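**Student:** So you can see what is in the structure, the chains are spelled out below.
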Amino acid sequence: NAGVTQTPKFQVLKTGQSMTLQCAQDMNHEYMSWYRQDPGMGLRLIHYSVGAGITDQGEVPNGYNVSRSTTEDFPLRLLSAAPSQTSVYFCASSRHGSGQYFGPGTRLTVT
Amino acid sequence: AQTVTQSQPEMSVQEAETVTLSCTYDTSESDYYLFWYKQPPSRQMILVIRQEAYKQQNATENRFSVNFQKAAKSFSLKISDSQLGDAAMYFCAYSGGPGTYKYIFGTGTRLKVLA
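In order, the protein sequences belong to chains A and B. Mapped onto my numbering, the consecutive letters of the first sequence carry residue numbers 1 to 111. Mapped onto my numbering, the consecutive letters of the second sequence carry residue numbers 1 to 115.
FYI, nobody ran anything at the bench for these hints, they're computed from the structure. One or more of the hints may lead you astray.
[Unchecked claim] Ranges of calculated distance between the beta carbons of each label pair, as one might list FRET restraints:
hint, chain 1, residue 1, chain 2, residue 2, range
1, A, Leu79, B, Gln56, 46 to 56 Å
2, A, Asn28, B, Ile46, 38 to 48 Å
3, A, Pro83, B, Pro40, 22 to 32 Å
4, A, Phe10, B, Glu52, 36 to 46 Å
5, A, Ile54, B, Ala71, 34 to 44 Å
6, B, Lys70, A, Gly16, 23 to 33 Å
[What the hints assert, rightly or not] Not everything, but these chain A residues come out facing chain B in the computed CB check (under 8 Å):
hint, residue
7, Thr7
8, Phe10
9, Val12
10, Gly42
11, Val50
12, Ala52
13, Phe90
14, His96
15, Gly99
16, Tyr101
17, Phe102
18, Gly105
19, Leu108
Treat the numbers as computed from the prediction; the structure is a model and nothing was measured. Beta carbons are placed, not taken as given, at the ideal position from N, Cα and C, and that holds for glycine.
All chains, full assembly: derive it from the sequences and hints.
**Tutor:** Here is the structure:
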């Protein structure tokens with residue numbers, strides 16, 4: 001049982017480049033979400049999904065897209081990277097009320 | 001809308017002593033869940049303890065326990081016999097009743113453990 005996995009662990013992008021952060025879970029959790037955490041800050045919700053084919057925006061969705069074609073996978077796509085998107089990105093999954101299980105995070109730097 | 005407030009940005013505790021981290025929340029729901037997460041320097045978010053609102057009994061996990069006061073909407077975390085490895089950011093989180101999945105996190109409390 002790998003839990004929640006994220007790839008890559010580190011990434012450096014140039015302004016304007018696009019990329020996809022991968023997230024997968026093997027716990028059959030219906031709920032998955034993406035957060036960003038800026039230095040010294042808490043977590044801000046980017047997008048979330050309550051099941052395959054269902055996604056919705058969180059509090060900071062601009063510049064990001066998500067899709068959920070399977071229960072297991074929930075990739076986050078950066079459309080055109082900007083320095084303001086430099087952050088640590090966390091993917092999490094849960095069942096209702098179980099508490100979220102987090103991946104190890106992806107540290108993204110945009111130059 | 002629900003909110004979670006952690007009013008202590010930073011706390012310190014001597015090794016082997018006890019420390020309590022505060023968390024208050026606001027909600028109109030009667031059925032919900034509360035959590036404490038630990039984030040050590042590795043950045044991994046670790047679920048420490050979980051409390052179901054309809055349970056009167058306070059949750060405990062080894063040296064970690066909560067004081068859940070539903071009427072006061074308070075959910076504090078007590079760490080007993082503090083260890084150097086307890087040094088981390090601690091986040092309080094709320095999740096609503098049936099049919100809701102979103103989690104609301106507080107801004108965190110940084111705990112320093114002094115040797």
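**Student:** Against each hint, give a clear statement of whether it holds in the structure.
**Tutor:** Status of each hint after checking the structure:
Distance hint check: the CB atoms of Leu79(A) and Gln56(B) are about 48 Å apart, consistent with the given range 46 to 56 Å. Hint check: Asn28(A) to Ile46(B), Cβ distance near 21 Å, so the stated range 38 to 48 Å is violated. A C-beta distance of roughly 28 Å is found between Pro83(A) and Pro40(B), which places it inside the suggested range of 22 to 32 Å. Between Phe10(A) and Glu52(B) the beta carbons are some 38 Å apart, a value that agrees with the proposed interval 36 to 46 Å.
Take Ile54(A) and Ala71(B): their Cβ atoms lie about 36 Å apart, and the range 34 to 44 Å holds. Between Lys70(B) and Gly16(A) the CB atoms are about 50 Å apart, so this pair departs from the stated range of 23 to 33 Å. Given the 8 Å rule on beta carbons, the hint for Thr7(A) is violated: about 15 Å separates it from the nearest Cβ of chain B. The beta carbon of Phe10(A) is not positioned within 8 Å of any beta carbon in chain B (closest approach about 12 Å), and the interface hint is therefore violated.
A hinted interface residue such as Val12(A) counts as satisfied when its beta carbon comes closer than 8 Å to some beta carbon of chain B; here the least separation is about 17 Å, so the hint is violated. Because the beta carbon of Gly42(A) sits about 5 Å from the nearest beta carbon in chain B, less than 8 Å, this interface hint is met. Taking 8 Å as the C-beta contact cut-off toward chain B, the hint placing Val50(A) at the interface holds, the least distance being around 5 Å. Proximity of Ala52(A) to chain B is violated relative to the hint, the smallest CB-CB distance being about 14 Å (cut-off 8 Å).
For the restraint placing Phe90(A) at the interface with chain B, the shortest Cβ-Cβ distance is roughly 6 Å, inside the 8 Å limit, so the hint holds. A distance limit of 8 Å between C-beta atoms decides the matter here; for His96(A) the minimum to chain B is near 6 Å, and the interface restraint holds. At its closest, the beta carbon of Gly99(A) sits 5 Å from a beta carbon of chain B; the interface hint therefore holds under the 8 Å criterion. Given hint, Tyr101(A) at the interface with chain B, holds; its Cβ is 7 Å from that chain's nearest Cβ, closer than 8 Å.
A distance limit of 8 Å between C-beta atoms decides the matter here; for Phe102(A) the minimum to chain B is near 4 Å, and the interface restraint holds. Hint on Gly105(A) holds. Least Cβ distance to chain B is approximately 5 Å, under the 8 Å limit. Violation of the interface hint for Leu108(A) is found here, the shortest Cβ-Cβ separation to chain B being roughly 13 Å, above the 8 Å cut-off.
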